[in-house]
Amino acid sequence: MLKQTPLNAVHRAAGAKMVDFGGWDMPVSYGSQIEEHHAVRRDAGMFDVSHMLAIDLESAGPDTAKQTARDFLRYALANNVGKLTVTGKALYSCLLKPDGGVLDDLIVYFLRENWFRIVVNAGTADKDVAWLRSLQEERGDALKLTPRRDLAMIAVQGPSARERVWAALPNSKAITEPLKPFMAGEVGEYFIARTGYTGEDGLEIMLPSARAVEFWSALAAAGVRPCGLGARDTLRLEAGMNLYGQDMDETVNPLESGLAWTVDLASARDFVGKAALLARPAARQLTGLLLTDKGGVLRAHQKVMTRAGDGEITSGTFSPTLGASIALARLPAGVMAGEAVNVDIRGKALAARVVKPPFVRHGKSLLV
Amino acid sequence: MDLPADLKYTASHEWIRSEADGTLTIGITDHAQEALGDLVFIELPAVGRKVKAGEVCAVVESVKAASDIYAPVSGEVSATNEQVVASPEMVNADAYGNWLYKLRPDDIAELASLLDAAAYAAVVAEE
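Protein chains in written order, with the working numbering: chain G, 1 to 368; chain R, 369 to 495.
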């Protein structure tokens, strides 16, 4: 039995094509995936991302006033929550295994000194909670860890996204208008962050499940187009963002996944996976490809032939914004942006160019 | 589901129309285009190529996935529709109005193996 978000009936009533995504019954598109993609690049679209899980970490017991939650996350996450000094600030990070493999990627929000919230992927949520609990036990931290399945999550993305949210939820404007990117604020029972997974401006809103249908309808009435996981995938790939389980998993480390910028190896801070990352230089890299030949579409698992050896595409698609096929690929270290490589598509070696992601940002091509 | 009664079908979601000149016009069904989503690439066989029934002879790719197109019967490719190669989205807009290629069949008796609209509808219902 697939799990359902509070908006499941709304998607079905809208005629969405539904798929099994990590055990969840989710909309892949409501009609044309390409039109949904363009709506986000040019105007505003919304995604039901209630399958993702918010987990609250609060200092507990006699330690309530102490920095237990922060200290725990300083050790549990590869990125440094020490960077979170301003209330509402968000940080992207990997959660690593001791061998440096990626357990998940997540966003952590600093709400109060004794309260942090992390948002993790749907398919890995149970594994993450178990891992964090085992880590907490091992450290003996007085920490309350609460999976928030009572919350729904809606991402509103696009150049007009914020205005449309203000139209749908007028009392949110005072709090959210001053928010800089990667900052969050609370509006009553709504938790609103200026974050996203599309390369556009926008807001991600966590709210009580019971309010989800009403809020979704208000956004639709304000002119926000419902978008499915199909458009979400082409948007995030254009934006050069990894998809967990596809571009990275427990068998690769963040240095081989284009995420060195999220890993703090310079400071004295110890964290899970640090020793393993320091012990082994990255032999591979995750980078972008642009298909320059005609003859197909780049797809996951196609072989990439470079002067330094073979690599593999991890995510590939047709980019609606660029009108060309793009991919993320894991290639031997040392292959540089601008180099020509070949991709095996149905037995033909088609030419592609190595490109440093992202491909698209704020509606504009970054290809030169 | 849109299934014109004058066409024949395959379980692999091609439609086939018998023309007065003895050739077969072949496309993909409305169900196939719907399942694939927005088409962005179509590769067709060379005119003059001999194909066997069930052989992969074309490819259509949507944003989501690539899908092989099979020859419904054995024969020789007699024409291809270059318009859909230039604008694959035409197939999404009208799957029966925009054919992919034409085939001159080796043996007209092979047509008996194709499905009629009702039989194809049953195949789709089972998916």
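One or more hints might be untrue.
In silico DSSO-like cross-links for lysine-lysine, where the CA-CA straight-line distance does not exceed 27 Å [as the list claims (entries may be wrong)]:
(1) G/K3 <-> G/K89
(2) G/K83 <-> G/K3
(3) G/K303 <-> R/K470
(4) R/K420 <-> G/K274
(5) G/K348 <-> G/K364
(6) G/K97 <-> G/K294
(7) G/K348 <-> R/K418
(8) G/K3 <-> G/K144
(9) G/K144 <-> R/K418
(10) G/K66 <-> G/K17
(11) G/K173 <-> G/K127
(12) G/K83 <-> G/K348
(13) G/K127 <-> R/K418
(14) G/K294 <-> G/K83
Derived by calculation from the structure, the hints in this document are not laboratory data.
Okay, the hints, checked on the actual structure:
Restraint check for G/K3 and G/K89: not satisfied, since their Cα atoms lie roughly 31 Å apart, outside the 27 Å limit. Annotation: proposed proximity of G/K83 to G/K3 is violated, straight-line Cα distance about 36 Å (limit 27 Å). Of the pairs offered as hints, the one joining G/K303 and R/K470 is violated, with about 33 Å between alpha carbons and a cut-off of 27 Å exceeded. Of the supplied pair hints, the one linking R/K420 and G/K274 is violated, its CA atoms being roughly 58 Å apart against a limit of 27 Å.
For the hint linking G/K348 to G/K364, the alpha-carbon distance of about 31 Å lies beyond 27 Å, and the restraint is violated. A hinted pair counts as satisfied when its Cα atoms are at most 27 Å apart, and G/K97 with G/K294 does not qualify at roughly 41 Å. With a CA separation close to 21 Å, the supplied pair G/K348 and R/K418 stays within the 27 Å bound. Annotation: proposed proximity of G/K3 to G/K144 holds, straight-line Cα distance about 26 Å (limit 27 Å).
With a C-alpha separation of about 69 Å, the suggested pairing of G/K144 with R/K418 is violated against the 27 Å cut-off. Note on G/K66 and G/K17: the hinted pairing is violated, with a Cα-Cα distance of about 48 Å set against a maximum of 27 Å. Taken as a hint, the G/K173 and G/K127 pair is broken in the structure, with Cα atoms around 36 Å apart against an allowance of 27 Å. Pair hint G/K83 plus G/K348 does not hold up; C-alpha atoms about 48 Å apart against a cutoff of 27 Å.
Distance check on the hinted pair: G/K127 and R/K418 sit about 53 Å apart at the alpha-carbon level, beyond 27 Å; violated. Restraint check: the Cα-Cα separation between G/K294 and G/K83 comes to about 45 Å, which exceeds 27 Å; the hinted pair is violated.
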